[in-house]
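Residue numbers (the numbering used here), protein chains in the order written: chain A, 1 to 109; chain B, 1001 to 1109.
Take the hints with a grain of salt, since some may be wrong.
[Unchecked claim] Per label pair, the in silico range of CB-to-CB distance:
id, chain 1, residue 1, chain 2, residue 2, range
1, A, ASN68, B, GLU1084, 41 to 49 Å
2, A, PRO92, B, ASN1047, 13 to 21 Å
3, B, ILE1002, A, SER105, 12 to 20 Å
4, B, GLU1073, A, LEU14, 18 to 26 Å
5, A, SER58, B, ARG1041, 23 to 31 Å
6, A, PRO80, B, THR1102, 18 to 26 Å
7, A, LYS16, B, ARG1062, 20 to 28 Å
8, B, SER1006, A, ASN104, 41 to 49 Å
9, A, GLY38, B, GLY1065, 42 to 50 Å
10, B, THR1004, A, TRP18, 20 to 28 Å
11, B, PRO1080, A, ARG62, 35 to 43 Å
12, B, ASN1009, A, HIS66, 16 to 24 Å
13, A, PRO92, B, SER1058, 22 to 30 Å
14, A, ASN9, B, THR1015, 31 to 39 Å
FYI, nobody ran anything at the bench for these hints, they're computed from the structure. The beta-carbon is built from N, C-alpha and C at its ideal position, and this holds for glycine as well.
These are the residues of each chain, in order.
Number of protein chains: 2
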Amino acid sequence: MIRTISLKNKINELTKPWSPIEVSRVNDQVARLALFDGEYRWHKHANEDELFYVYRGSIVIRVKGHPNIALHEGEIAVVPKGVEHSPKSPEPSIVLMFEPQTLNSQGDY
Amino acid sequence: MIRTISLKNKINELTKPWSPIEVSRVNDQVARLALFDGEYRWHKHANEDELFYVYRGSIVIRVKGHPNIALHEGEIAVVPKGVEHSPKSPEPSIVLMFEPQTLNSQGDY
């Protein structure tokens, strides 16, 4: 049985910000959905790039050594492995992330 | 420099159906965008699962040994590696795919 997953339904499972839920596994990767609201702390993932896709809303990812990344609905950016970053969102936004299953969303520290 | 990619802009680069273009690389994976319109032939990818996310429109993926997968806007499904499939779309639809960079969109044969 091949499941179909509706992002609209998944959004209803998001109860608190900065707490990604699993949408789907594919190969050794995972798509996760999260509510971004307010500011999240600085962190990094030593071995994993992280793709951010803004499904609803608008976010900013602050990135050490790079200009801020402003991402609006329908926009994508990839934070390379080892790069310290801190996402924030001035309004509640829904973000789809695509990353290795080994990635700890909270960062290495 | 970390690039931001707008799916809306990428759509303008889609000139013909069933011809995925690269959106972004992330780890050893790639996000590709394609216009689905009409029917595509049966094929499979021996070693790679393929994630389909319908960005605009509505598609059907016929899958050997499984019921058809009907996917509407905002819906996701994963076709497991080795499973023969044939996508079709009754209307022009825009689909984002997540898959290993090794995956040949045209299939192994």
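Consistency of the hints with the structure:
For ASN68(A) and GLU1084(B), the hinted distance range of 41 to 49 Å is satisfied, since their beta carbons lie about 45 Å from each other. For the pair PRO92(A) and ASN1047(B), the beta carbons lie near 39 Å from each other, so the given range of 13 to 21 Å is not met. For ILE1002(B) paired with SER105(A), a C-beta distance near 19 Å keeps the hint of 12 to 20 Å intact. One distance hint, 18 to 26 Å for the beta-carbon pair GLU1073(B) and LEU14(A), holds here, with the actual separation near 19 Å.
Checked against the hint of 23 to 31 Å, the pair SER58(A) and ARG1041(B) fails, with Cβ atoms roughly 40 Å apart. Between PRO80(A) and THR1102(B) the C-beta distance comes to about 20 Å, which sits within the given range of 18 to 26 Å. Hint check: LYS16(A) to ARG1062(B), Cβ distance near 39 Å, so the stated range 20 to 28 Å is violated. Between SER1006(B) and ASN104(A) the CB atoms are about 29 Å apart, so this pair departs from the stated range of 41 to 49 Å.
A beta carbon spacing of about 46 Å between GLY38(A) and GLY1065(B) agrees with the range 42 to 50 Å that was offered as a hint. Taking the beta carbon of each, THR1004(B) and TRP18(A) are about 21 Å apart, inside 20 to 28 Å as hinted. A hinted range of 35 to 43 Å holds for the C-beta pair PRO1080(B) and ARG62(A), which are about 38 Å apart. For ASN1009(B) paired with HIS66(A), a C-beta distance near 21 Å keeps the hint of 16 to 24 Å intact.
A C-beta distance of roughly 28 Å is found between PRO92(A) and SER1058(B), which places it inside the suggested range of 22 to 30 Å. A beta carbon spacing of about 34 Å between ASN9(A) and THR1015(B) agrees with the range 31 to 39 Å that was offered as a hint.
When each numbered hint is compared with the structure, violations occur for hints 2, 5, 7 and 8.
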